[in-house]
Amino acid sequence: MESQKVLDAKGLACPMPVVKTKKEMDTLSTGDILEIHATDSGAESDMAAWAKTSGHELLHQEKEGDILKFWIKKK
Amino acid sequence: MIQAMQAKEIAQKVMNQEELFILDVRNTEDYNDWKIEGRSVESMNKPYFEMLDGVEDVITHLPANRELVVVCAKEGSAKFVAEQLAEKMQREIFYLEGGMKSWSEHLEPVKIGDLDGGGEVYQFVRLGKGCLSYIIRSGTEGALIDPLRLTDQYEAFAEEIGVNVLHLIDTHLHADHISGGRKLAEKYGGTYYLPPKDAEDVQFSYTPLEDGRVVTFGEDQVNIRVFYSPGHTIGSTSLIVNEEYLFTGDILFLDSIGRPDLAGLAEDWVGDLRTTLYSRYKELDQNLKVLPAHFSKLHELDETGRVVAQLGDLYEENHGLNIEDEHEFRRVVTENLPPQPNAYQEIRETNMGKRTPDGEEQTEMEIGPNRCSIS
Chain A
1 MESQKVLDAK GLACPMPVVK TKKEMDTLST GDILEIHATD SGAESDMAAW AKTSGHELLH
61 QEKEGDILKF WIKKK
Chain B
1 MIQAMQAKEI AQKVMNQEEL FILDVRNTED YNDWKIEGRS VESMNKPYFE MLDGVEDVIT
61 HLPANRELVV VCAKEGSAKF VAEQLAEKMQ REIFYLEGGM KSWSEHLEPV KIGDLDGGGE
121 VYQFVRLGKG CLSYIIRSGT EGALIDPLRL TDQYEAFAEE IGVNVLHLID THLHADHISG
181 GRKLAEKYGG TYYLPPKDAE DVQFSYTPLE DGRVVTFGED QVNIRVFYSP GHTIGSTSLI
241 VNEEYLFTGD ILFLDSIGRP DLAGLAEDWV GDLRTTLYSR YKELDQNLKV LPAHFSKLHE
301 LDETGRVVAQ LGDLYEENHG LNIEDEHEFR RVVTENLPPQ PNAYQEIRET NMGKRTPDGE
361 EQTEMEIGPN RCSIS
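Protein chains in written order, with the numbering used here: chain A, 1 to 75; chain B, 1 to 375.
Simulated from the structure, these hints should not be mistaken for laboratory data. This structure is a prediction, so every number in the text was calculated from the model and none was measured. A few of these clues could be false.
Below 27 Å or equal to it, Euclidean Cα-Cα: the simulated BS3-like pairs (lysine-lysine) are [stated by the list, open to error]:
hint : chain 1 : residue 1 : chain 2 : residue 2
1    : B       : K101      : B       : K111
2    : A       : K75       : A       : K63
3    : A       : K20       : B       : K46
4    : A       : K75       : A       : K52
5    : B       : K187      : A       : K52
6    : B       : K88       : B       : K74
7    : B       : K88       : B       : K111
8    : A       : K20       : B       : K88
9    : B       : K8        : B       : K101
10   : B       : K74       : A       : K23
11   : A       : K52       : B       : K8
12   : B       : K197      : A       : K23
13   : A       : K63       : B       : K88
14   : B       : K8        : A       : K23
15   : A       : K20       : A       : K63
16   : B       : K79       : A       : K69
17   : B       : K187      : B       : K8
18   : A       : K10       : B       : K74
19   : B       : K79       : A       : K20
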């Protein structure tokens, strides 16, 4: 999937994957897509829940080995 | 400033009914599924990712004068939130060290009592999951009933009271937690007992826990009488210690009864469960004190944190023992059961020796609430 930016949050423990995602998101423009790679298992449900409460759209998420990948579209 | 609070401290506060306020910052789904509870505990949920712009909104909901503990899955997010709260509120804020993982794994030992002929009974309360296990002491020898995989906690306690745990007994093949029986038997050079009817597929050698067998051990000659009581599983077996205590495993709890479906055979085993609860146990001495392998609600703990009741009292008060009609009983124990425990199939296979998950996998398999009773 196309994305404007890729955030590498691999190796970071909770809460940092979501904290960094939010910071990165703040620098993007509406409609931009941020791709996030994380390894903390907590991110799997938290990223979706955060996107929902913050109004951004989680377009897709998948697991590749130990790496969790997310594509989130900025509102 | 922020300070760590250990699971043990929270467990003692819950048992001593000291006031505590918990801010649980996990996502709402996890919170609703399973959380820290206690009669003196008040908790609220606010996911950490809803506080990335600041904690001002939540502060208005927090009590000013009570100890405040922030809790998350592991501890990182709790520290993150606790730091912000401490700064804004200018007070001390605690976070749960090791998160809900350590809460799930903590065992709190309480003494049940002395045996008439000498010897003692201790109960290990796993508050985070509702599991109960027991050490029976006879001089310098010990028996451990329904041991959990958290073997270092038993070892530390056994050392403290000076016993060698030589008898490791599982009342049935567990589906909600991984047994520590085999590991401890190896460690102490002891014997691991398992009911043979639950052990048909196990991949290791064990000593069969056969009906009528009496295990006598230690300087105080404590005796454990094996009493077959199927229904939760086909092998489920009770233990009668010195004709004073009845260890019921997952067959009978203080406020509920066992469920017959965790090995996939509810329809087959409901008859066994009925016979055990309405005949076999009824013929026992009603003064026996019941010690189950689980509690499901906190009110089952008495004011000192123990879970124990007389068999005769349970026949008066426990709804599961007072369903006269057999069809109604069948319906209650097979329909509308709560969800099965997390990863229960994998846990059973691990307890049979068919799987050998690593430490982290074991933790994941056991996470979440206990669901071995029918309600």
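Hints, one by one, checked against the model:
1. Our distance criterion of 27 Å between C-alpha atoms is met by K101(B) and K111(B), whose separation comes to about 25 Å.
2. Proximity of K75(A) to K63(A) is assessed by CA-CA distance (about 24 Å); at most 27 Å being required, the pair is judged to hold.
3. The hinted pair formed by K20(A) and K46(B) meets the criterion: a straight-line CA distance of about 19 Å does not exceed 27 Å.
4. Simply put, K75(A) and K52(A) have alpha-carbon atoms about 11 Å apart, close enough for the 27 Å limit, and the pair holds.
5. Our distance criterion of 27 Å between C-alpha atoms is broken by K187(B) and K52(A), whose separation comes to about 50 Å.
6. For the hint linking K88(B) to K74(B), the alpha-carbon distance of about 23 Å falls within 27 Å, and the restraint holds.
7. The hinted pair formed by K88(B) and K111(B) fails the criterion: a straight-line CA distance of about 43 Å is larger than 27 Å.
8. The straight-line distance between the Cα atoms of K20(A) and K88(B) is roughly 22 Å, inside the 27 Å bound, and the hint therefore holds.
9. Straight-line distance between C-alpha atoms of K8(B) and K101(B) comes to about 13 Å, which keeps the hinted pair within the 27 Å bound.
10. A distance of roughly 22 Å separates the Cα atoms of K74(B) and K23(A); the hinted pair therefore holds under the 27 Å criterion.
11. Of the supplied pair hints, the one linking K52(A) and K8(B) is violated, its CA atoms being roughly 35 Å apart against a limit of 27 Å.
12. Of the pairs offered as hints, the one joining K197(B) and K23(A) is violated, with about 58 Å between alpha carbons and a cut-off of 27 Å exceeded.
13. At roughly 38 Å between alpha-carbon atoms, K63(A) and K88(B) are farther apart than 27 Å, so this suggested pair is violated.
14. Of the pairs offered as hints, the one joining K8(B) and K23(A) is violated, with about 36 Å between alpha carbons and a cut-off of 27 Å exceeded.
15. Among the hinted pairs, K20(A) with K63(A) is consistent with the structure: their alpha-carbon atoms are about 19 Å apart, no more than 27 Å.
16. For the proposed pair K79(B) and K69(A), the alpha carbon gap of about 25 Å is at most 27 Å, so the pair holds.
17. Taking the CA atoms of K187(B) and K8(B), the gap is about 25 Å. The hint holds against a cut of 27 Å.
18. With a CA separation close to 17 Å, the supplied pair K10(A) and K74(B) stays within the 27 Å bound.
19. Of the pairs offered as hints, the one joining K79(B) and K20(A) holds, with about 16 Å between alpha carbons and a cut-off of 27 Å not exceeded.
This entry does not satisfy hints 5, 7, 11, 12, 13 and 14, going by the numbered hints stated previously.
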